[in-house]
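Work out the full structure: start from the sequences and follow the hints.
Chain by chain, the residues:
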Amino acid sequence: MSSHNESILREPLITGKNITYARITEEVLWPVENKPNKAWWIGFIVAAMGASLWLVAVGYTFWNGIGSWGLNKTVGWAWDITGFVWWVGIGHAGTLISAVLLLFRQNWRNSINRSAEAMTIFAVICAATYVVSHMGRPWLAYWPLPLPNQFGSLWVNFNSPLVWDVFAISTYFSVSLVFWYVGLLPDIATIRDRATGLRRRIYSIMSFGWTGSVKTWQRFEIVSLVLAGVSTPLVLSVHTIVSMDFATSVIPGWHTTIFPPYFVAGAIFSGFAMVQTLLLITRKVLGLENYITMFHIESMNKIIVLTGSIVGVAYLTELFIAWYSGAEYEQYAFLNRISGPYWWAYAIMMTCNVITPQLFWFEKIRTHIGISWILSIIVNIGMWFERFVIIVTSLHRDYLPSSWVMFYPTWVDISIFIGSIGVFFTLFLLFIRVLPSVAMAEVRLLVKTSSEQAKLKLLQEGKLKAEEAEFYKESLGKYDSVEQGAYANV
Amino acid sequence: MDSTKQYWKGLDERNNSTEFVEKNKHEFAESLPIEDVLQEAGLSSPTPRRDFLKTMGFGLGAVSLAACTVSPTKKSVPYLIKPEEVTAGIPNYYTSSFKGASILVKTREGRPIKVEGNPACTINSGSLDAQAQASVLDLYDTAKLKTPLLNGVEHPWEDIDAYAKAGLAKAQAAGKTIAIVTSTVNSPSAKAVISSFTAKYPATKHVAYDAISYSGIINANKNSFGKAVLPQYKFNKANVIVSFGADFLGSWISPLQYTKQYVSNRNATSLKSKKMSRHIQFETGLSLTGTKADSRIALKPSEEGIALVNLYAELSGQATSAKLNNAIAEKAIKLVAKELSAAKGTALVVSGSNDEHTQILVNAINSLLGSYGTTIDLDNPSYQYTGNEADFMALVAQMKTGSVGAVLFLDSNPAYNYCDAKGFIDALAKVATKISFSDKNDETASLCDAVAINHNYLEAWGDSNPVEGYYSIIQPTINPVYNSRQAEESLLLWSDSTVKDYYTFVKANWEATVLPFAGKTWNDVLQLGFVSLPAKATSPITFSGDVNATIAIVISESKKNTAGIELHLYNSVALGDGKQGNNPFLQELPDGVSKVTWDNYAALNPKYAQKLGISEFDLVTLKSDTYAIDLPVLFQPGQAHETVSVALGYGRQKVGKVGDGVGKNAYPFLATNAAVTITKIEGYYELAQTQTHHSFEGRDIIREATFAEYLENPSHGSGNHGEKHKTYDLWKKFEQPGHNWVMAIDLNACTGCGACIVACNAENNVPVVGKDEVVRRREMHWIRIDRYYSYNEENKSITEEKEIGEIEGKMENVSVVHQPMMCQHCEHAPCETVCPVLATVHSSEGINHMAYNRCVGTRYCANNCPYKVRRFNWFNYWNDSRFDNYLNNEFTQLALNPDVTTRFRGVMEKCSMCIQRIQAGKLKAKIDKTTLKDGDVKMACQQTCPANAIIFGDANDPESEVSIALKDERVYYVLEELNVQPGVGYMTKITNTGLHEA
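If you're matching them up, the sequences are chains A and B in order.
Going by my numbering, the first sequence opens with residue 35, and the numbers climb by one from there.
Going by my numbering, the second sequence opens with residue 10, and the numbers climb by one from there.
Be aware that one or more of the hints could be misleading.
[Claimed, not checked] Facing chain A, according to a computed beta carbon distance under 7 Å, are these residues of chain B, among others:
hint, residue
1, 700
2, 702
3, 842
4, 845
5, 866
6, 867
7, 869
8, 872
9, 873
10, 877
[Claimed, not checked] Interface residues of chain A toward chain B, partial, derived using beta-carbon atoms under 8 Å:
hint, residue
11, 98
12, 99
13, 107
14, 177
15, 429
16, 433
17, 436
18, 438
19, 439
Note that these hints are calculated values from the structure, not bench results.
Backbone N, C-alpha and C fix where the C-beta goes; we use that ideal spot for every residue, glycine too.
So, in structure tokens, the structure goes:
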């Protein structure tokens, strides 16, 4: 295998000494096979309380009507669709990591794709709850589906972006779920093999009879590739269609052709921020520092600064076009965003999405775990405000000034949003307890080639060019999971 | 090849033992225990077969029982014997009258559900005001008493009669006065009843007193011309109208009639003939009339008298020592005088003051202008208000002395609306027999011993004579709902009249008095609703008052009032004097100017309030010498500085659940004149406004021109240069072979009175949501009237928010546009494309339909509506105790229009172009085997509009009124640049300026 060594110039994707396949399994499955620790319980109780708040608030809405929200005759969507778009956007990173990066053979995805995909699925679930709960008559939520029916066979309106949305979200959810689950099969089989009793039976059923034969692995690889191919367009299409809810309307501030690319960039931006938020905690709590390394953190930060800049350019383009168009209502809509009663929301959006992510140009900052985590949260706040700005500030002052209003959320609006975060974390915390949060099978692939120990061996063998070796050693400096002392003598 | 191989299944078969052969004879090797199962043994096994059946049976039964819920029982009474004139589903119309003007009452299955003006009526010509439109709900008022009360306890009528007769006899015997306190009585039959009552009890004194009094005009006419009457004004004959605080389009005497007259000189027809009247308004608060004025000058109440003195001086050429302390008004008076004298014979000056001397001065001015016999008719007077508060004041004084033995209150509520209510209540305690004919236990009735509950007008017989020569009939349209009795009938009974029943009395009275002159029969009258006798010839009228003495008094009076902040009291268009305070339609009808619902408020000029350090919605105490109330502040552009305006008619305490405690009672301020102090107090009180942004930001949605510009080029400002706005279609246009329903709205005609809103509410069962929900901007009105201010400051018209913030002037000079706005029924409707479930679709007749049953409530359509006319059912307004206004109550539900469904929570609704009326019209045409003619179908808003500002019809018919109207050069479409192709055209507002320099 020595002839297939990876270049020493590439940074290691997993770190630590004496990494073996067995050790990976042990470490990754530790939370699945042991009783949860205190940190998990605290997190779970808090998240479950959030989820209960969601139940209460949604129950209250269903019982009393949408009137319990702060909406009014002019602002028909506010926190509901803001939350919906926010969650859908967050989901996008998972698909991007698992599908696009797989096709581009970015092996660093192997450590993070599992959690990111899980996050996608949970985020889409949270988004879907908004789709149902924002309806005036949620018990008829199946009507926007083109189902055969006896209303004289009444069809849905294929012209409506909301129908496209229904298709986009349901496709997205089902493909993501299948992709995620297929990826899980070998890992579930590993758990099955190590488990006993009832657990063994359950995991046995869940593993779909995985045998681990060469043929199985071959098919697994092919299915993964096919699904990656199917998912890749979804990364672009889902948020494009979500953006069309706005772009195809006549409301100034919504009616914008730039929306599809702008929304997709924003979605990836917010998705990576959310992955960052989650994984920085997870790697610490679950002790996965060797698998989710500084390399991952830095890579994601780079994507954040890239997409954040794209979003920033989009904001400026919108302003320019509004001015350049000479369209009265369009101009007012953007002037109102900047200087109207909701100027503070626009200012928060600009600061959090465009200005602060630029700090990631500095290596010190993008390799600093604490700052990365804080900035990832800031990006999530900023992206929530982006959707709020688009939805509420466009609606609250549109064409006829007689209908201009302000929007004030009620406790129900706020509770449903906080509650949806609770639902998300409840699902995520349950996930890391029952399924491996790192794709073991895929990480094992990295041990022989891209791991720190493999590279260390190369160094020790001393067959490398001195400057390349030096470059490699320097690049290890940022890793918090690497014992820097070990490289003093090689 | 034959096979000789043998296969055997087992050794047994190979050996072929006898045992095996024996066993193999049967299908089953061992016999089944069938017998056992069927016998006793089967029943004693652990799961016997019978138990299986039992369990199955029980399970099925239990499941079916659990699935059963008590289904709601709806009780309905079928027509066992169908009344001849009632066909279920087909409305019947009956004539009646409201406030004197003839109306048609629509009844369905025996219950009145809607009123319309009588198209033949010479007063309303088929239109109605908001109060009349809302009056149906008063019939179904839950606060009404069900039986008469004696000492606060329900009693049968016999007890009431005995009590009344004994009390009246005692008063008569003791030589004490028996007072009948009424508001204006212009019913000939009621007058006859009162005189027959007086014949029986000679001590009777009839005191008519109106909450809003016009006795100043009546007394002034007596003084000036020897005729103690309210004249009829002819605004249609006036080319120059100058009003000093008279809100004649909104609340002054007979606004419906005046609106018709006024608009006839300013509408599309008049403009086509190059004619437009000129209207100058001097006033304190911004009234509905002020919003329509070509020039409006803000004036303090104390300045009004001086202004009139100056105007008289200018017109007569006399010099005056009185100087206006207001340069703008002073200049304006000079210009107005010129315009008036140029228009002699077609000029009209009116004043809203109830001060006799001011009105004498106005009479003198009108005499100089030759208005009598042309724009003012004293010979055919109005009897709409004949009350005189001096009489009532005298009665209260008499009551205080204890010389009043009995007092009867008919249609009058002094404990609420008399300025010295406290004095009245004290005096009332000294009266032995106190009877009220109120239909509810209101402020006065609750102080009376007996409440002889009266019918609602829709349950009653009656008549009225609102103006000279015009007699209308009131006939019942429903059997009395409760155990009430007509007040007149009670009076007849108590005076032992030979005629005990009021129907006979009215009929006999008409046959004796009116019918012979009119040449009509009683049945004709029931059918026609009214009779109109030819107008009396006008006689030459000479002013015989003492002008100089009057001027002296007016000057000295106005000097009295200058201390502090001057208080201006007015009637709101919606609630008037407050009688219909429990009417949810009226409470939620936005004020035509301020757009405030559910409250009265202290209106202050924003710039003046700034000076006082008061912000909008701050609570302030208004304090006069004798009375004080706390009110929230509303910033009212156009309000004169150093003045505050407060609406009367609010602050009812005993009117019912809807109206109790809404606003504050300002009537006691009428006792003292004018000056108040304003003190800011702790607290913030947000008023429920349906519109919170008040300028149109210079947008193209409002298009205006001056009359001069119009004369030069009729399409000036409309953006309509002889051709229709070019529209584009991506797809082939849908055919509209039948009808194409559209509307035309004349911004120059609309006065913003809001009658259309209430008519639409009543026609379409529109929910009333209450103050809190209006504050949350969730009112449900299908039609609204957008009102935009533009500020005439710094020699230009300012409409944009950022510029308004920088105005340094006084904000007294504002122009106002009213723009009725409802679903525009766009051909390219943005709402239709976005609905995921096709709940809103276009009809082949050009209407944007809303299928409530299909709606899932995503609200996408409302978001995407550029006009923001879609209304969402946030709650279940017809079944939610928090919205106990009208829909939630079984009794009030009787007022609902059965042709329109009530909407469930979570669905969208909006103007349907009264689709039920269109369908009914088409059906009728089909049955009659004719085609639908223009005018056969009218929208509820159109029908009631006193200004004829709304025209509806078929655009496919080139001869229809609407097609002709839409060809007008002034027509434009709001937001037509979006290419949504709206179906409602608007006509530019034309202002007859000339005084802007003032």
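#### Entry: Satisfaction of the residue 872(B) interface hint, Cβ to chain A closer than 7 Å
Cβ of residue 872(B) sits 4 Å from chain A, so the hint holds.
### Message
Please check whether residue 438(A) passes as an interface residue: C-beta within 8 Å of a C-beta belonging to chain B.
### Response
Cβ of residue 438(A) sits 4 Å from chain B, so the hint holds.
### Message
A closest beta-carbon separation below 7 Å is what the hint needs, so does residue 702(B) meet it against chain A?
### Response
holds, 4 Å
### Message
For the restraint on residue 439(A), tell me whether the closest CB of chain B is nearer than 8 Å.
### Response
holds, 5 Å
### Message
Under 7 Å is the threshold here; is the Cβ of residue 700(B) close enough to any Cβ of chain A for the hint to stand?
### Response
For residue 700(B), the interface hint holds, since the closest Cβ of chain A sits about 5 Å away, which is under 7 Å.
#### Entry: Restraint satisfaction for residue 869(B) [CB to CB of chain A, less than 7 Å]
Hint on residue 869(B): holds, closest Cβ of chain A at ~6 Å, below 7 Å.
### Hinted contact residue 845(B) with chain A - closest CB pair below 7 Å
holds, 4 Å
### Per-residue hint verdict: residue 873(B), partner chain A, C-beta under 7 Å
With a minimum Cβ separation of about 5 Å from chain A (threshold 7 Å), the hint on residue 873(B) holds.
### Query
Should the hint that residue 98(A) touches chain B count as held when the rule is a Cβ pair under 8 Å?
Nearest chain B Cβ about 7 Å off; hint holds.
### Query
Holds or violated: is the Cβ of residue 99(A) closer than 8 Å to a Cβ in chain B?
It holds, given that the least Cβ distance between residue 99(A) and chain B is near 5 Å, below 8 Å.
### Task
Tell me if residue 429(A) is really an interface residue toward chain B, meaning its C-beta lies closer than 8 Å to one of theirs.
Since chain B brings a Cβ to about 6 Å from residue 429(A), closer than 8 Å, the hint holds.
### Query
Against chain A, is residue 877(B) within 7 Å by beta-carbon distance?
holds, 4 Å
In this structure, every one of the numbered hints holds.
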